[in-house]
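Following the hints, position chains B and C against chain A.
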Amino acid sequence: MTVAENVRTKYEAVIGIECHVELKTKTKMFCACPNEFGGEPNSHVCPVCLALPGALPVANKEAIEHLLLAGLAFGAQIPPFSKFDRKNYFYPDMPKNYQISQYDMPLTQGGVVRYWLDDGTMKECRLTRIHLEEDTGKSTHAGGGDGRIAGSRYSLIDFNRAGVPLMECVSEPDIRSAEEAVAFLEALKRTFVLLGVSDVKMEEGSLRCDANVSIRPVGSTDYGTKTEIKNMNSFRSVHRAIQSEIERQIGIVESGGRIVQETRGWDETQGVTHPMRSKEQAHDYRYFPDPDLVPMEIDATRLESLKSRIPADRLPWNRFARYHGEYRIDVKQASQLIENLPLADYFDRCVEASKNPQQSMNFVLGDLSRLANETGTPVADSAVTPPHLAELIALVQARTINSKIAKELLQRMWNGEGSPRAVVEKEGLAQTSDASEIEKFVAEVIASNAAAVADYQSGKTNILGFLTGQVMKASRGKANPALVQELLKSKLSP
Amino acid sequence: MSSEKIDVRYVAKLARLALTDEEVERFGTQLGNLLEHVNVLSELDTAAVPATAQVVESRNVERADVPAGGLDREAVLAMAPQRQGAFFRVPRIIAEEG
Amino acid sequence: MSELVRMSAARVAQAVNRGDVSALEITDAVLAHVDEVDDRVGAYLTRLHDLARDAARTVDRRVRSGERLPLAAVPIAVKDNMCLTGTPTTAGSKILQHWLSPYTCTAVRRMLDAGAIPIGKANMDEFAMGSSCENSALGVTRNPYDLSRVPGGSSGGSAAAVAAYEAAIGLGSDTGGSIREPAAFCNAVGFKPTYGRVSRYGLIAFASSLDQIGPIARTVEDAALAYEAMAGHDPMDSTSIARQVEAPGTALREDLKGVRVGIVKQFVTERLGATIHAVYRRAYEELEALGATLVEVDLPTADYGLATYYLIAPAECSSNLARFDGVRYGLRVEGADVGAMYEATRAAGFGAEVKRRILIGTYALSSGYYDAYYVKAQKARTMFANDFRHAFASCDLIASPAASSPAFEFNAKSDPYSMYMMDYYTIPMSLAGLPAISVPCGWVTPEGGNRPLPMGLQLAAPLFEEAKLLGVAHAYERATAHATNYAPEIDSQESPTEASTS
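Residue numbers (our numbering), protein chains in the order written: chain A, 9 to 502; chain B, 323 to 420; chain C, 2 to 503.
Hints are supplied without guarantee of correctness; some may be wrong.
To be verified - Covered stretches of chain B, going by a simulated chain C footprint (3 or more residues, C-beta under 8 Å): (1) 354-363; (2) 379-393; (3) 401-411.
Please keep in mind that the hints were generated in silico from the structure rather than gathered at the bench. Bear in mind the structure is a predicted one, so any value in this text is a computation, not a measurement. C-beta: ideal position from N, C-alpha, C; glycine also.
So that you can see chain A by itself, here it is in the shape it has in the complex (with noise of 0.2 Å):
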């Protein structure tokens, strides 16, 4: 049900996200099996993930630094202490049947996540917290039901994934459109993803969202009631869910009705939410440190160490005010860039070799990802070095070429000639500004296309556009056009 917009506009809506992202590392959380997608079921498994009787777990050195690594990018707190909890209640993919997690004491408090909306308006949004804990296995629900849990028979349990590290982000309700909760996952991922600590692929698990809705009128600082909704596989899924969620509590609110606080699961092809069937009572989890770990304490000398390993221009929205707030590139082409880690390292280099930004983005995002898209193969990992992309700039720039030739010769560079410099010595490729020299061509071209000639005399201007290109091809590409145009203006005026 969409709501129109004078309504809609009644309201502001206040979202906070919640997300689960598993961590980059070799081995699990606690125990030395291996954390890899994919595999045979039941495969990666030993006593301590399998919660055998007699088992202990170990903390994963990787798994705490990656998280803290994290933190920081955000600016986050690390308090001096931290611990782990035990989160208790039962569920077949969850061996010991309670999930070490951590409660009132995690790893990271704080932190602000900055993005950006289409119209290059920057945004924040305040992180509650991060903190570590481990995944359960994976269920699937079989004997009918279509595999969803309602209506099937038994459910098969594979233990692969159990222990895997995950790492807990809860923001502060700071959200305020379903298109900022897009923006905000796409910052984070960026950020994970040049940190190295996640691949963040929401269709392999690896980002996992709930988001907490409400909405109030425009101006109220009270917090309206919130549903908190699940079941978002992919970003577009959140967009979506959420806008539908809003619409919906516009839609009761306005027609005198109150919100329910409950917990909804979007349906990704009816396009709507349904209420998922209420936990009995809240869960009551039995928070206690866990016996079997000791707590953590980073000290000052880690943290210098750790904060150093944060690369701060890299951080996509210090890209972002980079791109599109230095370098005037437009939102939509800054966001590509820096969407592709490579490729903005790539670009990055560009500029600081050629000192121009504008070329450089025009070059990447045009015929380079065009090559890449043709060959499979990535900008980065091309035969075009920066340093000689920033050579070709300098060509153009200098009009010692034009910017046909530039295509040609980029092809050239691609294929491993080397660099343009070298290729247009050797090929003769600089482009003629030699008047004398355009005007025999001019002059052929006029001889032989006596009927174009013709119509053009008579008003039909468009026509110099063929002209000009048979002058090209007459001169292999290499007459300066501009100076073309000029040349067969002047011959072609009585």
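Just chains B and C now, with coordinates in the frame of chain A:
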């Protein structure tokens, strides 16, 4: 803390223990009795005392991110009370367990 | 009974390393003896004939090739809550009755690497919850000194095995006294190291912050030998300490000159009745006779020990035992849905005491009660640690009874709380993580009884001072030789009628 009655059925539910009526009755009495003994703790002035986090004083016990060990899959599935192919099989889950 | 069977661990290792006797000979003698007496004693749930003989052959091969093994051919009982690959590891429970462990407990692995021979998996109170072994769901163990009485618990099988010469060393686990009390009941030495000294990896968890593995033996020297083999840092256990294990043998001494022994003011032994009080008074005098100075120390929190323990231990166990749900291993009782399956499985698989502790533990952690119970108990625990630190400022060791009485008859303690009271003297040390040991200190013949029953003296030391503790215990043992006063005359005792266990 005065003597309180434990809601044995509720606690048993949390702990996933089916109890007979007789057990509910018997355990209720026995646990109530234990709780009365345990209540002496309220006599202790613990206001300024921190809870024991850990008896050992170690901190930051961590392991390098290197794969090792693991159990053979057949050995693992052989332990399963019910298996189906390469999976552990359980009766249907009723939506939100917990 | 073959002399080989009576040998101490130290002597067995020495003889085998010297080539005087083979590991296989010793093992066969012990196995034959087990087959003779264990139908009456019931120490073992599983006898490991084949595994033992294989291990013996391996030891013989290693010794022949020139290796000197600290525990060469020493026959050991392994409490059935310690995983040993390929053996049933049941924790005395129906829920694991048929489960074969696919991996081995670190402490057991170390003992075997040192040359020890696993004779059998020893009976125990279910999931280590109990003080008499009566809570085992899978078998009955009787006290070799009086078959109509309990061997103590929860490491009852290990203690009985050692007493009946069915092993030289019994591996036990101690949470609130489960090594010390059964050792006292069975005329043995029972040693619980400092928390964290011995890895818990592969020990089926009861209360994680209290559980410790330790040896039961017929002499302090043997206990020290076993401790040295099993102790030390284990990367598989995050709570295992990285501190160097001192070779305890070097601290074994002959007298106690200069040692200050603390007697706890609150441990009023008169409460235990005249006969028992007399035994302990004499034990304390024996310490003095060896040159020790007795000092009164104050443990103001002593009477809060049981309350503290019976909140913390059940709370941790309620969480540790959640994994027994019929999904991945062990007993399963079918249900219409997985929730029903959990409930039916756990109802059928767990005995009454286990259920009680899970219930009280779940309650203590539950919303609304967590602060008042669990947190409060953890604070009381800090007070115990402080009390001991204070006490050890004026003494080197603390001496006390190891149990409030000698072995009692089956079904004597039907009220759960009266059973809990057995741990009164041992719990405070567990709460503070202190190393503690029980050594035989005398005999009493109970009223109406006709056999003398052994009693144990508990000694406790500050954290990490195992060497000092073992040294003093050794001196006391050598000077008094209480353990050698009576032998367990298993054959001459009448076969008691089957004891019923609730």
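Exercise. Hint numbers the structure violates, sorted upward?
Worked result: The structure conflicts with no hint, since it agrees with every one listed earlier.
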